[in-house]
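Participant: Each chain is listed here by its residues.
Protein chains: 2
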Amino acid sequence: MPAFSRFTPLISALPATVPFVGPEAIERNRGLAVKARIGANENGFGPSPLAIEAMCAAAGETWKYADPENFELKQALASHLGCAADNIAIGEGVDSLLGLVVRMVIDPGLPVVTSFGAYPTFNFHVAGHGGRLVTVPYLDDRENLEGLLEAVRRENAPLVYFANPDNPMGSWWDADNIVAFARALPESCLMILDEAYCETGPADATPAISALIDQPNVIRTRTFSKAYGMAGSRVGYAISTPGTAQAFDKIRNHFGMNRIGVAAALAALKDQAYLSQVIDRIRDSRERIARVAESNGLKPLPSATNFVAIDCGRDGAHARSIVDGLMEHGVFIRMPGVAPLNRCIRISTGPESDMVFLEEALPKVLKNL
Amino acid sequence: MPAFSRFTPLISALPATVPFVGPEAIERNRGLAVKARIGANENGFGPSPLAIEAMCAAAGETWKYADPENFELKQALASHLGCAADNIAIGEGVDSLLGLVVRMVIDPGLPVVTSFGAYPTFNFHVAGHGGRLVTVPYLDDRENLEGLLEAVRRENAPLVYFANPDNPMGSWWDADNIVAFARALPESCLMILDEAYCETGPADATPAISALIDQPNVIRTRTFSKAYGMAGSRVGYAISTPGTAQAFDKIRNHFGMNRIGVAAALAALKDQAYLSQVIDRIRDSRERIARVAESNGLKPLPSATNFVAIDCGRDGAHARSIVDGLMEHGVFIRMPGVAPLNRCIRISTGPESDMVFLEEALPKVLKNL
Chain A
1 MPAFSRFTPL ISALPATVPF VGPEAIERNR GLAVKARIGA NENGFGPSPL
51 AIEAMCAAAG ETWKYADPEN FELKQALASH LGCAADNIAI GEGVDSLLGL
101 VVRMVIDPGL PVVTSFGAYP TFNFHVAGHG GRLVTVPYLD DRENLEGLLE
151 AVRRENAPLV YFANPDNPMG SWWDADNIVA FARALPESCL MILDEAYCET
201 GPADATPAIS ALIDQPNVIR TRTFSKAYGM AGSRVGYAIS TPGTAQAFDK
251 IRNHFGMNRI GVAAALAALK DQAYLSQVID RIRDSRERIA RVAESNGLKP
301 LPSATNFVAI DCGRDGAHAR SIVDGLMEHG VFIRMPGVAP LNRCIRISTG
351 PESDMVFLEE ALPKVLKNL
Chain B
1 MPAFSRFTPL ISALPATVPF VGPEAIERNR GLAVKARIGA NENGFGPSPL
51 AIEAMCAAAG ETWKYADPEN FELKQALASH LGCAADNIAI GEGVDSLLGL
101 VVRMVIDPGL PVVTSFGAYP TFNFHVAGHG GRLVTVPYLD DRENLEGLLE
151 AVRRENAPLV YFANPDNPMG SWWDADNIVA FARALPESCL MILDEAYCET
201 GPADATPAIS ALIDQPNVIR TRTFSKAYGM AGSRVGYAIS TPGTAQAFDK
251 IRNHFGMNRI GVAAALAALK DQAYLSQVID RIRDSRERIA RVAESNGLKP
301 LPSATNFVAI DCGRDGAHAR SIVDGLMEHG VFIRMPGVAP LNRCIRISTG
351 PESDMVFLEE ALPKVLKNL
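Those sequence lines, one after another, are chains A and B. Here full-length UniProt numbering is used: the first residue of the first sequence is 1, the next is one more, and so on. Here full-length UniProt numbering is used: the first residue of the second sequence is 1, the next is one more, and so on.
Derived by calculation from the structure, the hints in this document are not laboratory data. Hints are supplied without guarantee of correctness; some may be wrong.
One copy or any two copies: either way a pair holds, since identical chains are not told apart in the list.
[Said to hold, decoys possible] Subject to a maximum C-alpha distance of 16 Å in a straight line, what follows is the list of computed EDC-like cross-link-like pairs (lysine to aspartate or glutamate):
(1) Lys35 <-> Glu61
(2) Lys35 <-> Glu352
(3) Lys367 <-> Glu199
(4) Lys35 <-> Asp174
(5) Lys299 <-> Glu155
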């Protein structure tokens, strides 16, 4: 397959295959239909009806680009969060923002600290910019704050990534620990605090906005993809000092936001009552998943997210056979990628019908192993 | 405004201000309301009703990420274009794809050839990756193919950008000239052939897909933002050899596409009858704009796009005063950024009501100068 002969050395060296397999690809490749889509930490409870209404209303306006300054959405988020609009940068989902942050900080060869088995898309961006991943093992299924800090210091790393609550394990640290970690970081190291799951965790797991807002080396990322139920809308945002936030403007795709997604985010943000209901449903669904796991002899781990990691008690091959077996029954789930996390499977919360499919399929799968 | 202290030297050196001012920002900053939005080469005739229907239908599905492989859309485009799905890469608008291509090819200091006064967003991406812009003046308001080729050879440039039909001048070359240019390019130079406006030009201005599909150093970019009337949906695509197309997978934001936009693009693509009608309306509107210009003593240039560049006969300051003056009447237009192109203003086609606003405002503005 002839390709252009003069891509940069970095691009030429990157693998052509990438570790992203969506449920649609599984359906196509295996000839199976997904009945319960509870693998990608999407939110089957869906967005606020007001957001859906806003999407339809905005459909007729899609001939216009969105406002490249994202003025309204930044204002609304600032008001919601209790910070200034200048503290916020908007992007096409957190994935896009993560890519920009890596690009801002990483020249080829520079070290980037993250946990071993943490978010693969972040690692993808690090590789794409030639960074050198320095990984720290999880400790008791939580990201190891002391270990991450030690690695940053040892390597003089300019970038560390940390998710709280964590994906893929669902674990979390209290706000005090997070703030202490941020304070202890050398100012020459930028911390990405990925809070994609902050809405579904205990209140005391999320630092107050004011706690970190003055620290130029902290960027907190949040999204409308999880609790707000709008993964397909591609709206994420970053919170940092105005000076740090402004760096996004230097390289971001200014006209990258889709107009309907922005309208939906504005409407969803206004409907906090709906969000509260969904968070309750997510908590109930977590408990339901935990009961299903326990009644099948598996061990659910505590979770502050919209998914539950379940310890299946053996190795990655065993967990993989459960993931594959469930898919045979139309139940799409995922699992962590590396040991020892990969003794677990990871099941996203979802509506009753999804839970019924899971409840029916899991014992059959386990029996067949 | 304190910022993180250790951004890369490249990022630190980039300007914090960027040359993108949307109509919403003009409204906010000048306290004016846009009545005729005919400045950003959007398409006020709007998308197919089937696309709008598809957007509403997809709204309830926004809790799901879009298929990261964009399988369906690639299949549909391949079928429409008469190539293979492997020849296509999908992105969040052409702007996003342009950024990726620059990243694939440009290490800091490498030369990038483009026309002086061509697409600013491309230049933004070149600057963002540290490329060195080598510009060639327009010749008789067309991009200078011979001059571009000569610059590529002289500089041993790995990348050349060329839009056909052209923005901001609306001019074009015949397909034969484009193909001859591509054939004459050194294989060590990647050509971006930006065909954002191909649907609105004469048929013989666009090379057949088959004419360039085997050339690994050609990437053609197209969009649903212009003739298809979906600028706010953020759906663009690139056409190249499978080997070159695959390079996008190494670095693109795999889950970056918004689900509603993809659904809308699929529906719009099916409604070619509507597209034909819109293209007719765009042609009529071009003629209308030309008549308005002429009746005010200005000289419209021939256009193959959804806008008309109008020679106002003097310098950039004069054209700027017309742009600013029209905005006082709620008529948002733009103008080329550099001399000698900036003797012109640039007015996008649009529905009758927009044309009426323009027709009424222009003589008043000219009289007041």
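Participant: So which hints don't hold here, by number, going up?
Facilitator: Numbers 3, 4, 5, in rising order.
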